[in-house]
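Engineer: Below, each chain spelled out in residue letters.
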Amino acid sequence: MNQRAGLSRLKAIGRFVGWYGVLIALGIVFAIPFLWMFSVSLHDLAGVFADPFRWVPEELRWSNYVDAVSLLPFGRYLTNTVVITVCVLIGTVLSSSLVAYGFSRLRFRGRDKLFALCIATMMLPGQVTMIPLYIGFSKLGWVDTFLPLIVPAFFGSPFYIFLLRQFFLTIPREYDEAARLDGAGKLRIYWSIILPLSRPALATVALFAFLGTWNDFFNPLIYLNSPENATLTLGLNMMKSQVMGTGVTQWHLLMAASLLVMIPNIVLFFVAQKHFMKGIQVGGLKG
Amino acid sequence: MNRPKLIRREDLEGYAFIAPWLIGFLLLTAGPMLASVLISFTSWSMLSPPTWVGLKNYEVILSDDPLVPTSLWNTAYYVLFSVPLGLLLSLALAMLLDRRLRGMSVFRTLFFLPSITNMVAVSVLWIWIFNPEYGLINAALEKVGIVGPMWLQSETWSKPALVIMSLWGIGGTMIIFLAALQGIPDELYEAADLDGASSWRRFFHITLPMISPAMFFNLVIGIIGSFQVFTQAFVMTGSVQPGSEGGPNNSTLFFVLYLYKKAFQEFRMGYASALAWVLFLVILFFTIIQMKLSKRWVFYEAGESR
Numbered sequence: 001m002n003q004r005a006g007l008s009r010l011k012a013i014g015r016f017v018g019w020y021g022v023l024i025a026l027g028i029v030f031a032i033p034f035l036w037m038f039s040v041s042l043h044d045l046a047g048v049f050a051d052p053f054r055w056v057p058e059e060l061r062w063s064n065y066v067d068a069v070s071l072l073p074f075g076r077y078l079t080n081t082v083v084i085t086v087c088v089l090i091g092t093v094l095s096s097s098l099v100a101y102g103f104s105r106l107r108f109r110g111r112d113k114l115f116a117l118c119i120a121t122m123m124l125p126g127q128v129t130m131i132p133l134y135i136g137f138s139k140l141g142w143v144d145t146f147l148p149l150i151v152p153a154f155f156g157s158p159f160y161i162f163l164l165r166q167f168f169l170t171i172p173r174e175y176d177e178a179a180r181l182d183g184a185g186k187l188r189i190y191w192s193i194i195l196p197l198s199r200p201a202l203a204t205v206a207l208f209a210f211l212g213t214w215n216d217f218f219n220p221l222i223y224l225n226s227p228e229n230a231t232l233t234l235g236l237n238m239m240k241s242q243v244m245g246t247g248v249t250q251w252h253l254l255m256a257a258s259l260l261v262m263i264p265n266i267v268l269f270f271v272a273q274k275h276f277m278k279g280i281q282v283g284g285l286k287g
Numbered sequence: 001m002n003r004p005k006l007i008r009r010e011d012l013e014g015y016a017f018i019a020p021w022l023i024g025f026l027l028l029t030a031g032p033m034l035a036s037v038l039i040s041f042t043s044w045s046m047l048s049p050p051t052w053v054g055l056k057n058y059e060v061i062l063s064d065d066p067l068v069p070t071s072l073w074n075t076a077y078y079v080l081f082s083v084p085l086g087l088l089l090s091l092a093l094a095m096l097l098d099r100r101l102r103g104m105s106v107f108r109t110l111f112f113l114p115s116i117t118n119m120v121a122v123s124v125l126w127i128w129i130f131n132p133e134y135g136l137i138n139a140a141l142e143k144v145g146i147v148g149p150m151w152l153q154s155e156t157w158s159k160p161a162l163v164i165m166s167l168w169g170i171g172g173t174m175i176i177f178l179a180a181l182q183g184i185p186d187e188l189y190e191a192a193d194l195d196g197a198s199s200w201r202r203f204f205h206i207t208l209p210m211i212s213p214a215m216f217f218n219l220v221i222g223i224i225g226s227f228q229v230f231t232q233a234f235v236m237t238g239s240v241q242p243g244s245e246g247g248p249n250n251s252t253l254f255f256v257l258y259l260y261k262k263a264f265q266e267f268r269m270g271y272a273s274a275l276a277w278v279l280f281l282v283i284l285f286f287t288i289i290q291m292k293l294s295k296r297w298v299f300y301e302a303g304e305s306r
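Protein chains in written order, with my numbering: chain A, 1 to 287; chain B, 1 to 306.
Isolated chain A (complex conformation) (with noise of 0.2 Å):
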């Protein structure tokens, strides 16, 4: 009896054991890109090519860095992309949380069937509109400003209305209600109720605005003609082609490069963890 009870924990440690290394291998397999690209950015362009390679540098060459982001004018680029993702982030806010309370809180004629139409414009691919978008965009003089990537977050976002939606519905309507007695209007109601009482709802819009906005390649690839109208993105695209079009290749600094356009989602991510999270999962539960 006892033996046996001994074998069968014997079993749920080498169990517990098996789990933890399936878990750590496959950890190590997600996190070595990540430690590779951290060492490669840290050699000097002998290192980078030495066989076999070395993890950890002889010498840490921490002014590849500085190096990486005086090959072009990535000062600027930062200031471009944050101008153009805090505009973004302001009108994704006011817009679709303004619009959501109207689909959420007002009752009007047509109301519903408006919802489903707006719900069904997330289906549309993009390349559909796209090129009269341009077109447009370009008669009215805007190519190459960031107007076009900026001007659409102000008409609201069907993804994060419904998000929004789906979170005003679960606040109680006394609250409305007591402010209605207390003469508030609907725009007041929606700014001094619904508003500071959605802050984690807010927060999570503004988390994902944030990285389509400071992520997105596509839109000022198409719109951003001039080098000094270039995001991070493009920036690093351009220097890509710039550094892999000469020579050998400086491959140290491109990671050092990479890597710190991958440093501000990282911090982000460790920051606002939780809404993260719960966005991804309204979004994928309830959608």
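Fair warning: there could be bad hints in the mix.
Stated by the list, open to error - Distance ranges between label pairs, derived from CB positions:
| no. | chain 1 | residue 1 | chain 2 | residue 2 | range |
| --- | --- | --- | --- | --- | --- |
| 1 | B | PRO69 | A | VAL82 | 52 to 60 Å |
| 2 | A | LEU35 | B | LEU141 | 15 to 23 Å |
| 3 | B | SER244 | A | PRO52 | 50 to 58 Å |
As the list claims (entries may be wrong) - Among the chain A residues that face chain B by a calculated CB cut under 10 Å, a handful are:
| no. | residue |
| --- | --- |
| 4 | TYR20 |
| 5 | VAL40 |
| 6 | TYR101 |
| 7 | ARG109 |
| 8 | GLY110 |
| 9 | MET123 |
| 10 | TRP142 |
| 11 | ILE161 |
| 12 | ARG180 |
| 13 | GLY245 |
| 14 | SER258 |
| 15 | LEU259 |
| 16 | VAL261 |
| 17 | ILE280 |
Simulated from the structure, these hints should not be mistaken for lab results.
Predicted model only: the values in this text are computed from it and were never measured.
Where is the CB? At the ideal position from N, CA and C, for every residue including glycine.
Here the structure of chain A is known, so what remains is to put chain B in place on it, guided by the hints.
Structural biologist: For chain B alone, coordinates are given in the frame of chain A:
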């Protein structure tokens, strides 16, 4: 004498609140959609006025442009491998994480991070990982005595390379599976244990049916997303010369990449619009098929309002 008013104050107020979206829908979605249909019947370089060519663009797409079947095949290949492999791997990871053990959040973070990092930066990193001589993958293969392929420089291996890279970015899919797994009531498993069900039976009779809505969502989103693959192919393939993207020998010329080149490198707006509608129909076709098939395998709990 009082006629019912056609538009009530309440309606106006409602429309005012949703006005941003409504105006956006008309100006940024519906209008451009209509324009896109019209443009697709023209030949238009934007330098001179468009000329009406009727269905000619569609005729060329269907029978006269060898790069259309090439790019469709490349895209289909990518979808066919990256979506199922991604689903399998992300489900496996989610099941590994679905235990109340120490350190799970560390692993979750590790698996999730690649999916939110910048795609251009990720692409630059993976160009170097796939380098035949110095890259991480071929160095690892060499250790076990295998001479690795040329990856991005090989017609045969360029698409598999991009599929492998896509598996690094399955974090979002995994999180959705994980949430679904954590939503399965413990009682179901306890009942199965009392019946002496094996792990396999538990998986196929409890886990899979219970997470089928998440599986369906991930499948639909995965297919739509993979059909639109662009950035990796644009950044990673071809030489540094503009216009060479999609190489070698068009083996990574995906449909959206081809559309981009037609529209923004060759400025053939009519033809590119027609390509966009072909893409739309292909995606719509697969989405509808999945909706229909889903009735047979997606299981919604009773009482859940859908």
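Engineer: Would you list, in rising numerical order, the hints stated earlier that this structure does not obey?
Structural biologist: When the structure is compared with the hints, numbers 1, 3, 10, 12 turn out to be violated.
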